[in-house]
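S.K.: Go by the hints and put chain A onto chain S.
Residues per chain, in single letters:
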Amino acid sequence: MARLTSKNLSVQGNNVVILNEVSVTFGPEELVGVIGPNGAGKTTLLKSLLGLLKPSSGDITLDGKTLRSWSRIDIAKRIGYLAQGAPCHWPMTVERIVEIGCSPHSRPLWGVDAEDRKIVENALRLTGISHLRDRIVTSLSGGERTLVMIARCLAGRAEILLADEPVTGLDPRHQIKVIQTLLSSVTKNTGVVMVLHDLSLAARYCTRLILIHEGRVTAEGDPTSVLTPQNLSDVYGIDASLREIDGQALVVCKDIRI
Amino acid sequence: MKPPLNAGQTGKISFPLLLGSLCILVVILFLFSVLIGKVMIPVGVIHEAFAEVDTAYGVIIRELRLPRAILALAIGAALGVAGAALQGLLRNPLAEPGLIGVSGTAALGAVIAFYSGLSVTFSFALPAGGMIGALISVVLLYILAGRDPSVLTLILAGVAISALAGALTTLALNLSPNPYAAFEIFFWLMGSLADRSLNHVALAVPFITVGVVLLMTTGPSLDALTLGEDVAQSLGVRLSGLQARVIIGTALAVGASVSVAGVIGFVGLVVPHLLRRAVGQSPSRLLIVSAPGGAALTLAADTAVRFLTNGPELHLGVLTALIGAPFFLGLVLKIRREG
Chain S
1 MARLTSKNLS
11 VQGNNVVILN
21 EVSVTFGPEE
31 LVGVIGPNGA
41 GKTTLLKSLL
51 GLLKPSSGDI
61 TLDGKTLRSW
71 SRIDIAKRIG
81 YLAQGAPCHW
91 PMTVERIVEI
101 GCSPHSRPLW
111 GVDAEDRKIV
121 ENALRLTGIS
131 HLRDRIVTSL
141 SGGERTLVMI
151 ARCLAGRAEI
161 LLADEPVTGL
171 DPRHQIKVIQ
181 TLLSSVTKNT
191 GVVMVLHDLS
201 LAARYCTRLI
211 LIHEGRVTAE
221 GDPTSVLTPQ
231 NLSDVYGIDA
241 SLREIDGQAL
251 VVCKDIRI
Chain A
1 MKPPLNAGQT
11 GKISFPLLLG
21 SLCILVVILF
31 LFSVLIGKVM
41 IPVGVIHEAF
51 AEVDTAYGVI
61 IRELRLPRAI
71 LALAIGAALG
81 VAGAALQGLL
91 RNPLAEPGLI
101 GVSGTAALGA
111 VIAFYSGLSV
121 TFSFALPAGG
131 MIGALISVVL
141 LYILAGRDPS
151 VLTLILAGVA
161 ISALAGALTT
171 LALNLSPNPY
181 AAFEIFFWLM
191 GSLADRSLNH
201 VALAVPFITV
211 GVVLLMTTGP
221 SLDALTLGED
231 VAQSLGVRLS
241 GLQARVIIGT
251 ALAVGASVSV
261 AGVIGFVGLV
271 VPHLLRRAVG
281 QSPSRLLIVS
291 APGGAALTLA
301 ADTAVRFLTN
311 GPELHLGVLT
321 ALIGAPFFLG
331 LVLKIRREG
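Chain order of the listed sequences is S and A. Under my numbering, the first residue of the first sequence carries the number 1, and numbering increases by one thereafter. Under my numbering, the first residue of the second sequence carries the number 1, and numbering increases by one thereafter.
One should not assume that every hint holds.
Label-pair ranges, simulated between beta-carbon atoms [what the hints assert, rightly or not]: (1) S/Arg243 to A/Val332: 54 to 62 Å; (2) A/Leu274 to S/Glu121: 25 to 33 Å; (3) A/Ala325 to S/Glu121: 58 to 66 Å; (4) S/His105 to A/Ser14: 23 to 31 Å; (5) S/Pro37 to A/Val332: 39 to 47 Å; (6) S/Ser56 to A/Pro177: 52 to 60 Å; (7) A/Gly20 to S/Ser56: 49 to 57 Å; (8) A/Val332 to S/Val252: 50 to 58 Å; (9) S/Asn15 to A/Val159: 30 to 38 Å; (10) A/Val318 to S/Thr168: 47 to 55 Å; (11) S/Asp59 to A/Leu274: 48 to 56 Å; (12) A/Ser123 to S/His105: 27 to 35 Å.
Derived by calculation from the structure, the hints in this document are not laboratory data. Glycine is no exception: its CB is placed at the ideal position from the N, C-alpha and C atoms.
Okay, chain S solo, but in the shape it has when bound (with noise of 0.2 Å):
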């Protein structure tokens, strides 16, 4: 079971300060929504936690032990890292791609052996894109090709998942697509966290919010603490509020403020 934590950690870049004193915990059991504005660091969080981007000040601990001393691939093997977007830059087959995923634990010069296939195996049937193994992965919707990365990730067998923006651009049925199968891969020794945008998605699905502007943690706990018609009015400069309908929450936005 992994624990990913960072203390006070700040991060600059270009003499600008990006994030400020952020002391954050993940860990298995739980999906997480990050929030926050456009530009508020969360990428830049994200990163941080996998150990791409330097600290100015502050540290990171991945198991009690500093991330600076562990080796790439040992971070590889511990946590998983969905870019925004799910670039792929030759069109390779959905295989192929999640066959990719398993790199972090056995790197054949070609091929996989029947342990990885097996763990390929799954991980396709788990994203329920089993029919779409064949397909070329540029050629796929942007929902389909979520799912293909989110599979990707998962033969890569991390105990904590980072996705950036993994449901922005998708439409409605494969929002829904993605966030279940990401909650479906949170168990007792995993934990996934997901950076997004729709906050009603983000008070439906996720087991706790943290809400980030300019920087710093603002709000962090259930959705019903974080998205309270201050926070909301506070960070997004919008009138709005967390209801309920049909037993389903949603962040009605009514206006803007000025």
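M.R.: Only chain A this time, still in chain S's reference frame:
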């Protein structure tokens, strides 16, 4: 780039079968390269090359054909693998050692070694010059275009590097006190494997081998890089290590090749392009099959130049450019169409 929906279906030929067929093709073409030429050698006399007593056939095989065939094999493999590796690193199907100025800069390095007389006193100066030239150009190219997979940046960077290397090479030719030396360099630049000896093999092949092996180790990392630099790192790829292996591997393989054979262009473009679909676009598999693929193309082209003209033999580099340039044009048109 949007390929047709069924582009992956052609990748159904099994990988070991493809690799095996290519290797058998290389063996056959290697034999052709040894046996076929202005003098046709019967298969039955191959053993004379290693006989105690010299025979005409034996000498032709040992002194002329064998070095040529070995160099074609090694250089073809080097150019094919270097092309595939650069394409994987830069995520760009147009990356090719000749096209983006690596071969040209390697040639400049070799010309400087030759021109300064260093290569006369110290024979390893020739491959060393080629490898240093290639190294400088790959590093430059990576600084200019490495983080940006766009075709335009890569080609512009390549044009700039080629232009600089070309200008400095012609400067050396221009300043040459001896017109014959200039003439010799000029012909050497065209790229050829004719009249090479086992000395050339000994000079280049060890470096080429190390370079190709180094490039071969980058396969799994290049696969991961398909998903972008951030995701590749999240999968455990050390980006700096990968870059270093591709850059040094290319410098060794291409630099040593150019220093003994001149510029043989387009092999690194044509071979990966022809094989990419057959391996389902996978960078790691492409890397592996590009070795026998490049060797086969170069052996075939080098055997063909012996017959294409009456009188003086066509230079190998001229033939590969004549095949490769229209091929490149077609590829550019295809990329434009697919937007």
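S.K.: Take the hints in turn and mark each one as holding or not.
M.R.: Going down the list of hints, with the structure as the test:
For the pair S/Arg243 and A/Val332, the supplied restraint of 54 to 62 Å holds, since their beta-carbon distance comes to about 56 Å. Range check, A/Leu274 to S/Glu121: about 32 Å between beta-carbon atoms, so the 25 to 33 Å window is met. A beta carbon spacing of about 45 Å between A/Ala325 and S/Glu121 contradicts the range 58 to 66 Å that was offered as a hint. Between S/His105 and A/Ser14 the beta carbon distance is about 24 Å. The supplied range of 23 to 31 Å therefore holds.
A hinted range of 39 to 47 Å for the beta carbons of S/Pro37 and A/Val332 is consistent with their spacing of about 42 Å. Remark: the range hint 52 to 60 Å for S/Ser56 to A/Pro177 is upheld by a beta-carbon distance near 59 Å. Between A/Gly20 and S/Ser56 the beta carbon distance is about 54 Å. The supplied range of 49 to 57 Å therefore holds. Separated by about 52 Å at the C-beta atoms, A/Val332 and S/Val252 satisfy the suggested range of 50 to 58 Å.
Restraint check, S/Asn15 to A/Val159: a C-beta distance of roughly 35 Å satisfies the suggested window 30 to 38 Å. The hint said 47 to 55 Å for the Cβ distance between A/Val318 and S/Thr168, and at roughly 53 Å that hint holds. Evaluation of the 48 to 56 Å hint for S/Asp59 and A/Leu274 yields a pass: the beta carbon distance comes to about 51 Å. With their beta carbons about 47 Å apart, A/Ser123 and S/His105 fall outside the hinted range of 27 to 35 Å.
Checked against the numbered hints above, the structure breaks hints 3, 12 and satisfies the rest.
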